[in-house]
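Peer 1: Next come the chains, spelled out residue by residue.
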Amino acid sequence: MIFVKPNTEKEAVYLLNNSNGISRILGGGTDVLVQMRSGIIEPELIVDIKNIPGIREINEINGGYEIGAAVSGSEFNNYPGLKEFAPGIAEAFDLIGSSQIQGRCTLAGNICNASPAADTAPALSVSKCIVKIVGPNGFREDLVSNIPISPGKNSLKKGEFIKSIIIPKRPPYSSDSYIRFTPRSEMDIAVVSAACFITLDQNKLIKELNISLGAVAPIVVNVTGINELVINNNLNDDLLSQISIICSSSCDPIDDKRGTIEFRSHVAGVLAKRAIILAHSRAGDKIEKIAR
Amino acid sequence: MKKLHVNVSINNDDLEFLCNPEDTLLDVLRNDLNLTGTKEGCSTGDCGACSVILDKKLVCSCLVLAAEVDGSSIDTIEGMAEENKLHVLQEKFLEHAALQCGICTPGILIAAKALLEKNQNPTEKEVRYWLAGNLCRCTGYDKIIRAVLDAAREMRKDHGPNYS
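These protein sequence lines map, in sequence, to chains A and B. Position 250 of the first sequence, counting from 1, maps to 247 under this note's numbering, and the rest follow consecutively. Position 161 of the second sequence, counting from 1, maps to 170 under this note's numbering, and the rest follow consecutively.
Okay, chain A solo, but in the shape it has when bound (with noise of 0.2 Å):
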């Protein structure tokens, strides 16, 4: 195996771009060095990518952020204003691992690990947040949720590999949220997880409700029919028992040990009526803020 760390975005790409083996980037490391430990691969290559200019930064830009493909979880939480800014994406971040596994994860390496119950991916998604990639043709950018593609695969070329997530910026009124549902409250993974991202006008009208699902598919199941039936309208429980329906039937989970098919399908019902709930309280409270 080969250990580099370069300098530069390009021979980053140029490593990456001429290497016959299995190679892999090294952000935060939490899966792959455990992927190593268990043989589940042998790079040849390992890039460090954590010299890159603005790797490990974070920025304000359009009035979004720019998160460098390097930044850790406790990074991301102490950052002043992000977890104002985007709460769903805050909480899908922080829940991952224990307090020395969020001084290292990463949400790129969330992403292109493509584990269906990856946090992070659903609450990216919700907010169509997107990647920036750079590779042997340049410079390109996508959705978050084009990035995986099956468990454990992701969409990246040869020679690519992502240096930031655009969170790009939101209308007035809006918020979002992420639950997952886990046995244990604390150092597990998501059996069934919601994300929500909605947007109110001053009259709390619904113009936007975007609903991602994860661990229910091989990948994020991005719920579609909902905007349809909600925008401009007031929520209500009937409105929500409809998209508890949509979503449940949305699913297309594993039976496991972890969650039977009915009861994962239930489930994300039920957390997505929760989700919306949770972000629709705080897309109200913004109004009531700035009527204030």
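Think of the hints as simulated: they come from the structure by calculation, not from any bench. There may be inaccurate statements among the hints.
[Stated by the list, open to error] In the PhoX-like style, the derived pairs of lysine-lysine whose C-alpha atoms are separated by at most 20 Å in a straight line are:
hint, chain 1, residue 1, chain 2, residue 2
1, B, K66, A, K47
2, A, K2, A, K47
3, B, K127, A, K2
4, B, K65, A, K47
5, A, K286, A, K80
6, A, K2, B, K12
7, A, K7, A, K129
8, B, K127, A, K80
9, A, K80, A, K283
Note that the coordinates shown come from a computational prediction; the quantities given were computed from them, not determined experimentally.
With chain A held as given, fit chain B onto it using these hints.
Peer 2: Just chain B now, with coordinates in the frame of chain A:
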């Protein structure tokens, strides 16, 4: 195989070592630098026995490659006591009998130290959540939590009212 040359500051001592690309920081601490206070438990980042502070962040040293830490500063359990004087956390662990077999203790002390550096007045719940990644199969955790809370109290007292 060509070894990699790494410069690092450990417990404020500048030192250098040679390592293989696949060596973890834990391997090097224990096998090459003889800093065996940091323990190996699961080696998959679940148990926290190998906790160290890397550039002011709490990490599992089993999930860090040794080659990565070039230019970094690391705090391990060996640097916790000053000369012959134990750290308040260490004293409180003895006082509260917050350890039995002791394998998890260095990791828990390091993790607790990291907590008290960012939060001088944690609640019991905050301590329990913060230490959720440090497994202990002897104590049942209660004495550990009490020792950490007591140490926090003591440290606030030592540093005067402005500290909290």
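Peer 1: If a hint holds in the structure, say so; if it does not, say that too.
Peer 2: Results for each hint:
1. Distance hint between K66(B) and K47(A) is fulfilled; the C-alpha atoms sit about 15 Å from each other, no more than 20 Å.
2. For the proposed pair K2(A) and K47(A), the alpha carbon gap of about 7 Å is at most 20 Å, so the pair holds.
3. Simply put, K127(B) and K2(A) have alpha-carbon atoms about 30 Å apart, too far for the 20 Å limit, and the pair is violated.
4. Proximity of K65(B) to K47(A) is assessed by CA-CA distance (about 16 Å); at most 20 Å being required, the pair is judged to hold.
5. This hinted pair checks out: K286(A) and K80(A) have alpha carbons roughly 17 Å apart, not beyond 20 Å.
6. About 15 Å separates the Cα atoms of K2(A) and K12(B), which keeps this hinted pair within 20 Å; it holds.
7. Using a Cα cut-off of 20 Å, the hinted pair K7(A) and K129(A) holds, with the two alpha carbons roughly 14 Å apart.
8. Of the pairs offered as hints, the one joining K127(B) and K80(A) holds, with about 18 Å between alpha carbons and a cut-off of 20 Å not exceeded.
9. Note on K80(A) and K283(A): the hinted pairing holds, with a Cα-Cα distance of about 14 Å set against a maximum of 20 Å.
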